[in-house]
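A.B. asks: Here are the chains, one letter per residue:
Protein chains: 2
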Amino acid sequence: MMAKQVEQDQLYIGIDGGGTKCRATIYSIKNGVLGTGLGGPANPLHGFERTIESIMVSTQLALQDAGLRIEAVHNLYAGLGLAGVNLPALHDKIMRWDHPFKQMFLTTDLHTACIGAHEGGDGAVIITGTGSCGFAMVDGVSVNYGGHGFAQGDMGSGAWMGLEAVKAALLGIDKLGPETVLSETLKQHFNTTTAMGIAEQMAGKPSSSYAQLARFVLAAAEDKDQVALQIVESGAKYISNLAHRLMENNPPRLSMIGGLSEPLRKWLDPEIAKIVESPKQPPEMGAIFFAIQSVEQQSEKAV
Amino acid sequence: MMAKQVEQDQLYIGIDGGGTKCRATIYSIKNGVLGTGLGGPANPLHGFERTIESIMVSTQLALQDAGLRIEAVHNLYAGLGLAGVNLPALHDKIMRWDHPFKQMFLTTDLHTACIGAHEGGDGAVIITGTGSCGFAMVDGVSVNYGGHGFAQGDMGSGAWMGLEAVKAALLGIDKLGPETVLSETLKQHFNTTTAMGIAEQMAGKPSSSYAQLARFVLAAAEDKDQVALQIVESGAKYISNLAHRLMENNPPRLSMIGGLSEPLRKWLDPEIAKIVESPKQPPEMGAIFFAIQSVEQQSEKAV
Numbered sequence: 007m008m009a010k011q012v013e014q015d016q017l018y019i020g021i022d023g024g025g026t027k028c029r030a031t032i033y034s035i036k037n038g039v040l041g042t043g044l045g046g047p048a049n050p051l052h053g054f055e056r057t058i059e060s061i062m063v064s065t066q067l068a069l070q071d072a073g074l075r076i077e078a079v080h081n082l083y084a085g086l087g088l089a090g091v092n093l094p095a096l097h098d099k100i101m102r103w104d105h106p107f108k109q110m111f112l113t114t115d116l117h118t119a120c121i122g123a124h125e126g127g128d129g130a131v132i133i134t135g136t137g138s139c140g141f142a143m144v145d146g147v148s149v150n151y152g153g154h155g156f157a158q159g160d161m162g163s164g165a166w167m168g169l170e171a172v173k174a175a176l177l178g179i180d181k182l183g184p185e186t187v188l189s190e191t192l193k194q195h196f197n198t199t200t201a202m203g204i205a206e207q208m209a210g211k212p213s214s215s216y217a218q219l220a221r222f223v224l225a226a227a228e229d230k231d232q233v234a235l236q237i238v239e240s241g242a243k244y245i246s247n248l249a250h251r252l253m254e255n256n257p258p259r260l261s262m263i264g265g266l267s268e269p270l271r272k273w274l275d276p277e278i279a280k281i282v283e284s285p286k287q288p289p290e291m292g293a294i295f296f297a298i299q300s301v302e303q304q305s306e307k308a309v
Numbered sequence: 007m008m009a010k011q012v013e014q015d016q017l018y019i020g021i022d023g024g025g026t027k028c029r030a031t032i033y034s035i036k037n038g039v040l041g042t043g044l045g046g047p048a049n050p051l052h053g054f055e056r057t058i059e060s061i062m063v064s065t066q067l068a069l070q071d072a073g074l075r076i077e078a079v080h081n082l083y084a085g086l087g088l089a090g091v092n093l094p095a096l097h098d099k100i101m102r103w104d105h106p107f108k109q110m111f112l113t114t115d116l117h118t119a120c121i122g123a124h125e126g127g128d129g130a131v132i133i134t135g136t137g138s139c140g141f142a143m144v145d146g147v148s149v150n151y152g153g154h155g156f157a158q159g160d161m162g163s164g165a166w167m168g169l170e171a172v173k174a175a176l177l178g179i180d181k182l183g184p185e186t187v188l189s190e191t192l193k194q195h196f197n198t199t200t201a202m203g204i205a206e207q208m209a210g211k212p213s214s215s216y217a218q219l220a221r222f223v224l225a226a227a228e229d230k231d232q233v234a235l236q237i238v239e240s241g242a243k244y245i246s247n248l249a250h251r252l253m254e255n256n257p258p259r260l261s262m263i264g265g266l267s268e269p270l271r272k273w274l275d276p277e278i279a280k281i282v283e284s285p286k287q288p289p290e291m292g293a294i295f296f297a298i299q300s301v302e303q304q305s306e307k308a309v
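Which chain is which? The protein sequence lines are H and L, in order. Per our numbering, the very first residue in the first sequence carries number 7; after that it's consecutive. Per our numbering, the very first residue in the second sequence carries number 7; after that it's consecutive.
Any given hint could be a false lead.
Because identical chains cannot be distinguished in the list, a pair is counted as satisfied if it fits within a single copy or across any two copies.
What the hints assert, rightly or not - Pairs of lysine to any residue residues, derived as SDA-like cross-links and limited to a Cα-Cα distance of at most 20 Å, are as follows: (1) LYS181 <-> VAL149; (2) LYS99 <-> MET202; (3) LYS211 <-> GLY127; (4) LYS243 <-> GLY183.
Hints in this document: simulated from the structure, not taken from any laboratory.
Next up, chain H with everything else stripped away, as it sits in the complex (with noise of 0.2 Å):
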């Protein structure tokens, strides 16, 4: 599948950057994965500059991990998933970065997963952690759905689930809305009887701390309580929306990604579990297989 054009020893670093860390993997096309590394946040739209130290970090241990020396980064084609480079002024933010890469390829992460879920090839991953989002890549045209952020997008994620529990449970406490089990078990976590004592530790919390909640609401709802089940019911609805939406484009595959993605699977439309594949790689191979690809039109235009 790999164009002769591009070198048989050639080194290649995916970095799949990520809001709570960055993740980097160098790879031989003759010897397959040398080595790994783990850094820091590496979102861009939180940071420009940590997202640039964490990337270094990350790959400075992947190269350490594979034995190369440090020298080795200016022998490195690199292939970039980051969040937000959909936005022009954050790629060209980030292209404009004095980079030790042989050359630097950047695409958002959403490609760079689906890249990795279907090994290179076209298909849909829908992402479901934290946050959720939709995305397919089809015939070199890419879309997405979702990914609008918290709190007013990203339905039937872990943050969304955990966000409906606390406005149930405060409703709940006024009695102006029913109590459960999810509401008692709240309660209990936050360590308080009042909806001001829930209030207060969630004001002004981010994403992430919702997203935490999101286990008492999937546990309760495997128990039938009815606020839960509602939740999810209504949380898996829209990802199953969200696919049935993807797969308008026609992709061959359709993969799940993300703390969520097993969770939420037995709550889908049947139609939509029916055809959820397993993603064959991760986002940092999907970085890389971007890089090489890149490399190869690169080749093929100059030929």
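Starting from the known structure of chain H, arrange chain L on it as the hints suggest.
C.D. replies: Just chain L now, with coordinates in the frame of chain H:
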């Protein structure tokens, strides 16, 4: 109604702190309102120093307006209604402030709004502006419901309506929900046709930014826009439930206060709309009544 112990020429100042401004009114039992002053934000939950500064600015302007010298501040009994002082720690912090008044009496902004609305008598209030909440004072016992803050509470408020409208518009643009006149209006307002264009402009924005969108929702609901109708009807249903919950405490009167109280009225449960009465006095007058009542109680105890 005023106890004999209170000197007839005693001056009072009522201070109503809010998230955007602070209102002070100087009042004489013999001659009524003598002067008013307006200061900046005075919500101690959002900044203690700023709150103290705004209280002092509004006080000085009120003294000037009343034709009094700055030193007259030491003769004023002050009634303060501030958000968040139901929390003992915040109450104590403000009471430890080295204030310039003859004596300072502190309670929540909900309490002074309620006292004002019912001219010192028992009653209930619903506040619907940027946020929403309900409060009642009956026979010396207060209750409050809602008011848990954006985005986990405050249903039926302006911020809640704006958030629901943004959520619906984003779903509509993704073709995962209906597109109506309301979503068209929002696209025009944000000068974009993409979901990401809206999402980015609202990301991380405070509740006041969402509340500015409420007017579009209310206008669209008037024109029978299906999405807007659903938002306004469900917000009004919550406010009606809040009113019923307050009435369980048998308050002799119920008033609604805040920018959304008028526009929401026609959407309320008719049973509630029928019993809502106009507030008799503004919250800063409630703060004055609160100071007068507190001085009276003090005198009674001393007798």
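A.B. asks: My question is about LYS243 and GLY183: at a cut-off of 20 Å on alpha-carbon distance, are they close within one copy, between copies, both, or neither?
C.D. replies: Between copies only: 12 Å across, 22 Å inside.
A.B. asks: Between copies, within a copy, both or neither: which fits LYS211 and GLY127 at Cα up to 20 Å?
C.D. replies: neither (39 Å within a copy, 38 Å between copies)
A.B. asks: Within a copy, between copies, both or neither: where do LYS181 and VAL149 come within 20 Å Cα-Cα?
C.D. replies: For LYS181 and VAL149, the Cα distance is within 20 Å only across copies (12 Å; inside one copy 44 Å).
A.B. asks: At most 20 Å between CA atoms: does that hold for LYS99 and MET202 within a copy, between copies, both, or neither?
C.D. replies: between (43 Å within a copy, 19 Å between copies)
The structure fails to meet hint 3 from the earlier list, while all remaining hints are met.
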